[in-house]
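Note that the protein sequences, when read in sequence, are chains A and B. Residues 1050 to 1185 in our numbering are what the first sequence lists, from first letter to last. Residues 16 to 287 in our numbering are what the second sequence lists, from first letter to last.
The hints are simulated quantities; they were obtained by calculation from the structure and are not laboratory data. Computed from a prediction, not measured in an experiment: that's the story for all the values here. Honestly, I wouldn't trust all of these hints.
To be verified - Partial pick of chain B residues on the chain A-facing surface, computed with a CB cut under 7 Å:
hint : residue
1    : A63
2    : Q68
3    : W125
4    : S126
5    : T134
6    : D173
7    : V235
By construction, the Cβ of each residue, glycine as well, lies at the ideal position given by its N, Cα and C atoms.
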Amino acid sequence: MSGAPIDVLGRIALFAELDDDELERVARLFKERRFSEGETIIQQGSGAAAFFVIDSGEATVFVDGKEQRVLKPGDHFGEMALIDAGTRTATVSASSDLACSGVTFWDFRPLVEENGVIGWKLLQSLIEIYRSERQQ
Amino acid sequence: MSEVVPLIEALDSALYGSKAAGLGQALRDGLPVPPGVALTGDVVDAVASRDEQAMRQVMELVRPLGGPLAVRSSAVDEDGAGASFAGQHLTLLNVSSADQLAPALSEIWWSANSDSAITYRQRVGLFTRPSVGVVVQVLVSPETAGVMFTQNPVTGADERVIEASWGLGEAVVAGLVIPDHYRVDRAGNVLERTAGRKSIAIRSLPEGGTVEEGVAPELVERLCLEEDQLAELSHLADRCEEVYGRARDIEWAVADGTLYLLQCRAVTTSAP
């Protein structure tokens, strides 16, 4: 069965409040996806479908055409898509052949809707993220 | 209900997608479709999640097809008269064998769940979860292939419009060549033959995948369809309209002297 590594998910701020069983349930939703070097994974301004965790390889983040940072194994991107399926705020391109684990909005939402505990913990994490950004 | 069926048994477009159901109907009506297998959206989802039981179920029917294979998306909601998902979902040509099928199915699942596919769905007003079935067929290696409209898509005239090039039809579909352009009236009379500029052909590779090859200079501007082939295509247009109705967008191929129907969908944009 495919899935994202639980230890990686546990380090993501959005999932910080989930226990191991809950992380396991989230992890099982992930599917493997591969990208070739140079391939655009997500495009700034486009609709958003999925959140990705990098298993191997590297990717580069661009905002308004300017390079922001390099992502490595264990890093993640696109998590806002899980909640609002809105538009992408950055472009991410594969700097090498890349293997990711990804989960779509469609797969994530039913888990949260069926499980109020996970939903509540996600809300707590979002508030924590919001507070820390307000303090910066 | 089985998640994996021979293509001729694909009845329900809500399970197998419009492409599979359409090709299944074509086979049941005796149209020349390459043999294949239809997979439901649920089984493709399971294979993408690396469900081993699902994969065994798929292999049981796909392995006897041999190889190489053409693996095409058949999404529920796709190829309907209201919205064509042309170019949104994936076709993988020349998957060399059944053992290479799982990664191909995973790629197709992601093509239906990509940012661009989701954006397209939002734009055409489809807010339901994507479900992508798959058609797995024997890959034909054609000498000539292309597309045919059973009604002129630009003028709306009651005539067949055929575009053709050498090798696999992807060269025409992807706009890689200027194809030959033919118009044939409903009685089968050829109204126009305009040679294109067909400098490349896409061919399948023995180890899987495809390659773009240069075409011999003397063939670049030579018409790639003979009179009898135009007559066969005209007859195929008649048969497709009998089975599916008017205003059809057809993909076809000629391999070893046999004309095959690869895809048939409703034209979603027509001249007023």
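Inset, instruction - Tell me, in ascending order, the numbers of any earlier hints that this structure violates. - result: 2, 4, 6, 7
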